[in-house]
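Engineer: Protein sequences appear in the order of chains A and B.
Counting in the working numbering, the first sequence runs from 1 upward without gaps.
Counting in the working numbering, the second sequence runs from 1 upward without gaps.
Keep in mind that the hints were calculated from the coordinates and are not lab data.
Among the clues, some could well be false.
You can't tell identical chains apart in this list, so a pair holds if it fits in one copy or across any two.
[Claimed, not checked] Result set (DSS-like, lysine-lysine): computed pairs, CA atoms no more than 27 angstroms apart in a straight line: (1) K9 to K82; (2) K317 to K97; (3) K511 to K454; (4) K150 to K137.
There are 2 protein chains.
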Amino acid sequence: MSHTTIEWKNYDQLAAASRLQALKNHVSLPEVMTGDNGAVRVATYCTPMAAGLAFNYASREIDDEVLEALADLAKEAQLSEKYQALLSGEVINTGEKRLVLHRLTRGQQAGAVTADGVDKRTFYVEQQKKVADFAKKVHSGEITNAAGEKFTTVVQIGIGGSDLGPRAMYLALENWAKQNGTFFMDARFISNVEPDDAASVLKSIDVSRSLFVLVSKSGTTLETLTNESFVKDALAKAGLDASRHMVAVTSETSPLASSKDYLAAFFMDDYIGGRYSSTSCVGGAVLSLAFGPEVFDRFLQGAAAEDKLATETDIRKNPDLLDALIGIYERNVQGYPSTAVLPYSQALSRFPAHLQQLDMESNGKSVNRFGEPVHYVTGPVIFGEPGTNGQHSFYQLLHQGTDIIPLQFVGFRNNQAGMDVVIQGSTSQQKLCANVAAQIMAFACGKKDDNPNKSFAGGRPSSIIVGDQLTPEALGALLAHFENKVMFQGFVWNLNSFDQEGVQLGKVLAKRVLAHETDGALRAYSDLLNI
Amino acid sequence: MSHTTIEWKNYDQLAAASRLQALKNHVSLPEVMTGDNGAVRVATYCTPMAAGLAFNYASREIDDEVLEALADLAKEAQLSEKYQALLSGEVINTGEKRLVLHRLTRGQQAGAVTADGVDKRTFYVEQQKKVADFAKKVHSGEITNAAGEKFTTVVQIGIGGSDLGPRAMYLALENWAKQNGTFFMDARFISNVEPDDAASVLKSIDVSRSLFVLVSKSGTTLETLTNESFVKDALAKAGLDASRHMVAVTSETSPLASSKDYLAAFFMDDYIGGRYSSTSCVGGAVLSLAFGPEVFDRFLQGAAAEDKLATETDIRKNPDLLDALIGIYERNVQGYPSTAVLPYSQALSRFPAHLQQLDMESNGKSVNRFGEPVHYVTGPVIFGEPGTNGQHSFYQLLHQGTDIIPLQFVGFRNNQAGMDVVIQGSTSQQKLCANVAAQIMAFACGKKDDNPNKSFAGGRPSSIIVGDQLTPEALGALLAHFENKVMFQGFVWNLNSFDQEGVQLGKVLAKRVLAHETDGALRAYSDLLNI
């Protein structure tokens, strides 16, 4: 790739953005998706992803003309160059003056990146190896509790990115691992500062056979330290030595790093934000303990392959960039304020919650990377639940509500657990797949009915990511797809997608409340809540 | 109450709606919530709810003038009269020509209602009594499995309203019941047609000691019947007689009602929609089995008391009506497209998912109750996760995103499980409460900072429902509050909030896919998914 100078322009400074604006309401889905043309679109508007997945965007409001305008936008906004700059270790997180390196945890897509005087890829691989060795010793019984019994449960203590991503990934592979003989330990998660969260997890496990993974980059996260004490209390009450039951995932400079309170410490650094840390030790420790390091490695391979695809400069060959660009069209041209993520896979039940953080925390910003206010909308609201459950719930509004909400379906041809049953001539898995196909068409084309109450206008855009089965590789590719999508959108909006200053004010005020240093309405609210 | 004639007018036909429109951006939260005035607002804009809860709306964008305009709207739209008509058994569900009677499952707020030749309150109470007797026999060991062992687990098989509400209510009271000695049986839920859902539940329980509650009003819901077969297969494989392990919750006319395949059948009817059925036998069976009928009864009491409050014609004394009206102002005047529900209570982890169905399925409509298109926005997108978890996730966008999203907080002064720990001078529960107070103020007032990246504009409206503890009564009141809110908003928008025709088209098309009766894009999608 030639080295062009990168210019960081606002979205509304781009000539391609104006041209895109002229294409508002350019495509009528009920028109283009009907008849043979619809079938041609399904065949045409489909791009391979990593790990055998495919991104099919036939039912989004695009055609060749819109795609051309989006390609122009990608070029003018230098999206591929910016991705290369990120991969090469430039300071993309301008607010906190940091590199953005989570992709290095799973592969190396550009030259070596050195920071803090070390090669970062080497550093991340070393940490993974440490985790893998530790997990194997736990599985083999080389590391046990004081009574010499094997650990059966791993409990992650963390919040935000230390919770949502790893939890979503664990749930995504739990059934798969059980079915494939790689299920070593049950995992539980304690996140909320509310004491009932920890209490309820502790009641559900045998603490004497549990290993706790404390995740805090700084070693100072209030919720996490509070929950650690909660757990240590429980261990002490059970007559157990806490230091034989706890490991830390933290930064090398944190007070936890060299503490004797932990069996082991695995390191992350400032170049990986919480919401991007599932492929670092933050996800690595719990997932390697639960499913074994080989499964975690396959997960990383899937993510790395998708990261590589994302370097493609032809938007039609780059599903992550394409998804991002169509999202820009939907948000900034069509004016849709939210996006629903709808996995037809119970294993992905918490994947929408992870994407909610990933997307809304990255691009829910009103100033550009230079701190100047932007005059266009940025990140949408992200929400979602697995299908077919959602069909019996909020799909009513998606079909017939007054706002249009773009939909991101995910579906697999095969289930994970290998159990199924034939009812009325079809398996449950076939019913599931039939439903997602049917929904896409119902949303796109609608259906006229003499009873206006039963009439569907259609014109509700969606895409689907399809795969054979939700394997570790497929999960890695899926995760990386959305990370890359969010990154490209942040580039288009000229945001710093890698800080989260918006969460700070609440923390400061909460401390003030606890110190009883408040007045006015904050004092009144504190009184109302009896603090 | 005098009998005035009820007129069903569209929102944009109301004179009060125009007057309300003139009050757009009338209140600046950073202004009114600062200093002593803010404290006065917290004290003033607070309305008692049932079960000791309070609805505090100081940080929503209202003042006395806006409230007066909202009171005018309520009066002109005859909201209280319409509620009375509903309570009296009028055909409010015009699409399906049905009465709307879910409130009769928990109390009688108006005169007797007769339908199908019976007094409906009597009918619902009879069914509850049947459920209570059955649950007591299960708990006492009078009803056991074939080996004479007590049942230890209850598994609800249902989808949509037969799943989301009961599941959310079960999780809400699980810790409370354990702490209060009223925890009789573990509950699990099977909903998704995806076979992995049932497989994973079945692997986690002892089927020989499990009682399955099959919930299907018509006895024909595809997902539910499929999962029933799945479960029957598993029972048969374990050498068990399925009919000794299953009960049905269904309508009297369904094929399940008199089947010998079930230990018992409890009845619901067409006057209670799925999303409103948590207080009927749909919630009653699983909750009475899990926590005992007394707890279920206390839950009903809380809901009934809130229903009664909702009959108040003074909007300042009616928290449900007030919340509805302020929501109308936010949606139709201020133009906010979504609302977040943020319970600071891990027990309410699935309550937002229930509200998502309740609200979006009820009011996600584009035609009025006469089937005529409406020319204003109706139901918003509803999403949410418990705090403090959400704070470490999507709150970034809520604080600093380009769209404003009204927030509905819920918080309790005390936790449920009775375990807590003091760290840095405060308990976890105090930290939790301090965080919600702090967040409300951070959203309302924001904070200027020289670094624009750390600057918060504020002006982000929220309200909070506060209580001492999440008890069965409080949960009932909370549930009824939102049901009533959604009802009043549906009245303002002149919608039929009690049908869900928007879910039908997908079902029809899915059947066509399974029968291989497709062409064009639907055929192409079916091929893509290997059906």
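Engineer: Decide, hint by hint, whether the structure agrees.
Structural biologist: Going through the hints against the structure:
| no. | hint | result |
| --- | --- | --- |
| 1 | K9 to K82 | within (12 angstroms within a copy, 54 angstroms between copies) |
| 2 | K317 to K97 | neither (32 angstroms within a copy, 52 angstroms between copies) |
| 3 | K511 to K454 | between (53 angstroms within a copy, 18 angstroms between copies) |
| 4 | K150 to K137 | within (10 angstroms within a copy, 41 angstroms between copies) |
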